[in-house]
Structure formats: C-alpha cells, structure tokens
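Colleague: Based on these hints, arrange chain V with the ligands on the given structure of chain X.
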Amino acid sequence: MKSVIAESLVKTYKNGEVKALNNLSLDVEEGTVLGVLGPNGAGKTTLVRILATLLKPDSGRASVGGIDVIKNPDKVREIIGLSGQYAAVDEILTGYDNLVMFGELYHLGKKQAVARAEELLERFSLTDSAKRPIKTYSGGMRRRLDLAASLIVRPKVLFLDEPTTGLDPRGRLEMWGVIEDLVKGGTTLLLTTQYLEEADQLADEIAVIDNGTVIARGTSDALKKQVGGEKLEIVVNAENLMKTQEIVARVTGNKTTIDEGLRLISAPVTLGSNALIETLRELDSAGIHPLDVGLKRPSLDDVFLTLTGHAAEVKEEAK
Amino acid sequence: MSAVQDIRVITQRQLRLLTRVPEVLIFSTIQPVMFVLLFRFVFGGSISTGQPGGYVQLLMPGIFVQTVAFTLAGTASGLAEDLKKGLIDRFRSLPISQSALVVGRTLGDSMLNIVVLVVMALAGLAVGWRPSSGIVKVLIGFVFLFMFGYALSWVGIFVGLSVADARVVQNVGFIVTFPLTFLSNAFAPTTGMPRVLQYFAEWNPVSTMVAGCRELFGLKNIFGATAGSFPSENPLLMSAIYMGVIMLIFIPLSIRKYKNSSN
Ligand SMILES: Nc1ncnc2c1ncn2[C@@H]1O[C@H](COP(=O)(O)OP(=O)(O)OP(=O)(O)O)[C@@H](O)[C@H]1O
Ligand SMILES: [Mg+2]
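Line order of the protein sequences matches chains X and V. Using UniProt numbering, you'd call the opening residue of the first sequence number 1 and step up by one each time. Using UniProt numbering, you'd call the opening residue of the second sequence number 1 and step up by one each time.
The following block holds chain X by itself, in its conformation from the complex (with noise of 0.2 Å):
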C-alpha cells in the first residue's frame, strides 16, 4: 500500500515565471521513509505543503493514507503530522502551554491534552524547560518541541520538512536518535533533507529532486551505483606516483585520475578487494610502499554531482 502518492505535481509562483514543481511524481510504501534530497530552491517545501494541505497545486494530484489532499483537506488533516522547515510553535507560551493547545485543537479533551503533552516532554528530555516561553528555549529545543506537537495524535503519516537544518552536530544526533525511534513505531515518513548523509542515514528511499522534479529514485545503494561502483585509492611518496599509477593502471585495466597535491591515485574498480590485494602485491614487489589504501563507495555528494551536474552545497540561495 502506497501511504503518500503525488502524481504530476505542477506549482508556479509569480504568473509561471518560478516553477517551483515541475511534474513531480512520487510515493511513499506505508510504514517506509522515504528522504528527498535537494538543495535551496529545489522544491522541496512546496512539496510537503501541497501533501500537507496547506497548498494546492496548479495541477496534478495527490493522495495521503489514500485520501486526495485537494478534494478532502480536512479527512487528510486527521491523520498526518506536520513539522515544517521553521519551528512553528507559539514564541510567547511556553512549551507545556503550547502542546496543550494543540492537544485541545485535535479534540483530545483537557484531561488527555495534558496528559499527552507531559508524556511528550518527557520523551524529548523537555520537561525542564516545560514552564519556560519557547522564546527562551535553543534552536535544538524548539525543534523538538515542534515535532512534539506533530506527534501529539499519532500520525498515521508525518512530513518533516529539513528536519535538522541549523542544528549543531550534538543537536542533529539527538534528533536522528528520535526519528528512527518513531520510524520503529511504523510511522510512514516524508523527510526532506539537504544533507546527504542524513538521508542515507534515516531514509529506506531516497528521491533526489532538483528544480521541482525528481532526478533520480532509489535506495542510497541504488543510487550510488548508478553513479559507479567502488573506487581504489591510493597515497604514495611523490617520487613512487608515477611508478604507482602504472601498476594500477595495468592491474585494473581501466583509466586512472591522480591528485598530485594528496598524492592520490585512484581508479574505478569492478571486483574491489580483489584489486585491491592485487594491488598491493605489485607494489610490495616494486618496493612501494603505500601511505593509505582504500576502497571507497561513491558518497551521495558524488551521485548528487554526477546527477545535477552541480554539488549540493554551490547552488545559491533561490530565494
């Protein structure tokens, strides 16, 4: 069962001059996360604004937990959790006030809002902090209380739109550790992101989209064998690279690249360890002996490059 499907999805702004969604099509397999990788302007918040209803599009259709985000916004609005790309939680209330509220708002009760907000400050070490306004709180604390208040009525589907953007690597671990433990519960998630590992990290699936459509679908093993396999890598004394690049060369029979400032030589190989070994014997044999050996996978910044044709961190701020 398909738990989140967009078909086509067309958005401009500004009389058709920006295409924000460009016949975007995409579907999340229930109880799976799917992670949508793009850079700044890539679409990626007017996607989780059209699936999360507060949107429409221009064309095109979608459906979440099989219901049509344009023909039954309020069914839909039942079921999901959303947590934007902002914290978006009351600055003046404090965080108890806050998930309170919205625990009303969902028509839990006074009783059961309360209950459930304790239970949810809890679980994301918030219950310090509960009395304070969110004005005081720290980048990483607002975060976790804005998906706090996502998940307060279990949401069959949560869309988290770039759900660690700004937070510090202590923060963004912190948050990592909270969304596999929803993922566990069987939550089907929409996770945008522009970090890639972050993707690899969380995410079953990952779309990578750019300029409003998706360029590329897969998962993170998939996708970084569509861009190539496994790569050798080798340092060496700077006298020995010449002498190096030969012996790779012949060994793996394909073309070689050399880094002369690392001292880098590497090659695409097809049966990595055992070039690897190879490798390294002919070289013990010339007398050379190497500073660093390495197999190494194609990261997903090299499967964003060879896709786009730009790195994901170069693109300029579209806004």
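No lab work stands behind these hints, which were simulated from the structure alone. Source: prediction; values computed, not measured. Just to be clear, a hint being listed does not mean it is correct.
[As the list claims (entries may be wrong)] Below 27 Å or equal to it, Euclidean Cα-Cα: the simulated DSS-like pairs (lysine-lysine) are: (1) X:Lys231 / X:Lys243; (2) V:Lys220 / X:Lys56; (3) X:Lys135 / V:Lys85.
Modeller: Only chain V with the ligands this time, still in chain X's reference frame:
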C-alpha cells in the same frame, strides 16, 4: 460543537498572550490614558463646548471610540506576526474548522478592549468625566464600543492577511485609523472644518459611534453640514448599520482569504 471548542481554545490563547506579555496590556492602556490626560488638559481649556461639565464630557466618548478602533491594527499585526513565524501553517494543518481560528482571534483580541475601556473610564472619572444618563445607558454605550472593536478586528484580519509583513501592517493600521479618528467629531466639533470635510467627518463611522455614545452618556451633539440628516438624527442606528455592513463584508472575505492564504 467542536467548532465552539476550537474557538474557545484560540480565544484563550489570545488572552494568554496578554498575561505572558504584560507589556502589551500595559502599553495598550497607557496610550489612551495619556490621550485622556493630554486632551483634557492641553486642549480642554481652549475648546468651548457649551455643555455642562466642559470638554472632558465630549472628549471621553471620542477617546473610547478611537481606542477601540486601534483593535484593527493590533489584530492585523498579531496575525501577520504569526503568519511570518509559520504558526499559521501549523494551525492550518490541524483537523479543525478553519474559521474557528479567525473567529477565536477576533474574540480574544476584542476582549483586550474590555480591560482597556475599564482603565480609561477610571482615568476619565479621575479627571472629571461624569456621564449623566445613568448606569444602564452607560453600559449600553460600552457594549456598542466593544462591538465596534469587534467589527474592526475583522478588518484587521483582512489587512493582516493581505499585507503579511508585521511592521508594514502596523503602519497600514495607523494609516487607516488615524484619518478616520481625526476627521471626525471625536476631539473637536466638526463645525470648524471646511464644509466639504464636514460631510465626510459626519458620515464617518467613527463620528456616528462618538455621537451615539455621547447621546447614551447624556450629551447633545453639534452637527454642521449634515444637521438633520439620517446619521445625525440616528447615530446609534447608523453605527449599528455600519458595524453590520463591516461584518457582512469582512467576515466572509477574511475567512476566504484565510483559507486561501499562502496559495
Ligand atoms: N511564495 C512564493 N513566491 C514566489 N516564489 C516562491 C514562493 N515560494 C517558493 N517559491 C520559489 O519556488 C522554488 C521552490 O521553493 P521551495 O521553498 O519549495 O524550495 P526548498 O527546496 O524548500 O528550498 P530550501 O532548501 O531553501 O528550503 C524556489 O525557487 C522559490 O524561490
Ligand atoms: Mg524549504
């Protein structure tokens, strides 16, 4: 039934904001109280009114109306602020009636006026305001004032959603309310204005409200160009009509705008 619950929760939220940021309440009362004192003592001596009790009797209804008119700016900028912070997105992603959010907001914002009006009335009493018509009529006057603020908070919703930048919204709010409150009978008789302006000033909803409150508080109004016309003869009825029209236009308009906001 659940819509009523939703409205209650949102109204409570608006009120809670006031207790969390007491400055809002303090400054929304200081300003009108300051106006009472300034007008009473600065202009009070130079404006002859021909009414028993002097200028302060005419002034108080004017300042009451001006103050509730500022609800427009308050609602507008509060809403724009929430929009900017993405809070409205969260509200809109909840399974609740979309109009509950705006209704609760207009109610909560208008309730601030109750506190402000009470403080102003006390300040007025302290500087010589003595309504002569009896408690019932005075209270009816305050109900009118509350309703006027409520009607205008719907205009505020519309302005807040249309402009969406909190700082600009503040200014738009002032640009709308200042001319309306000064081109009126609130602080000085309209008879001193150029004749063309008198028409505007006397048909102005602020003036009909002020004239209506003066009647309820036991005072006589002086009209210029429009003397004897419908609004001058029936200021309370005219005010009620204005409020009805404002709400008939702006409630559906604002709710629709809210539902489509960010599209
Ligand atoms: N309200 C709007 N008016 C005009 N253009 C818009 C609007 N909202 C989004 N866009 C444009 O649509 C495109 C996609 O925006 P979107 O916010 O979906 O990107 P994103 O992938 O979420 O980016 P980021 O990583 O910066 O959050 C961008 O070019 C953006 O400038
Ligand atoms: Mg975004």
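Colleague: With reference to the structure, classify each hint as holding or not holding.
Modeller: Okay, the hints, checked on the actual structure:
1. X:Lys231 / X:Lys243: Roughly 19 Å separates the two Cα atoms, so the pair holds.
2. V:Lys220 / X:Lys56: This hinted pair is violated, its Cα atoms lying about 56 Å apart.
3. X:Lys135 / V:Lys85: Holds. X:Lys135 to V:Lys85 sits at ~12 Å (cutoff 27 Å).
Violated hint for the displayed structure: number 2, the only one.
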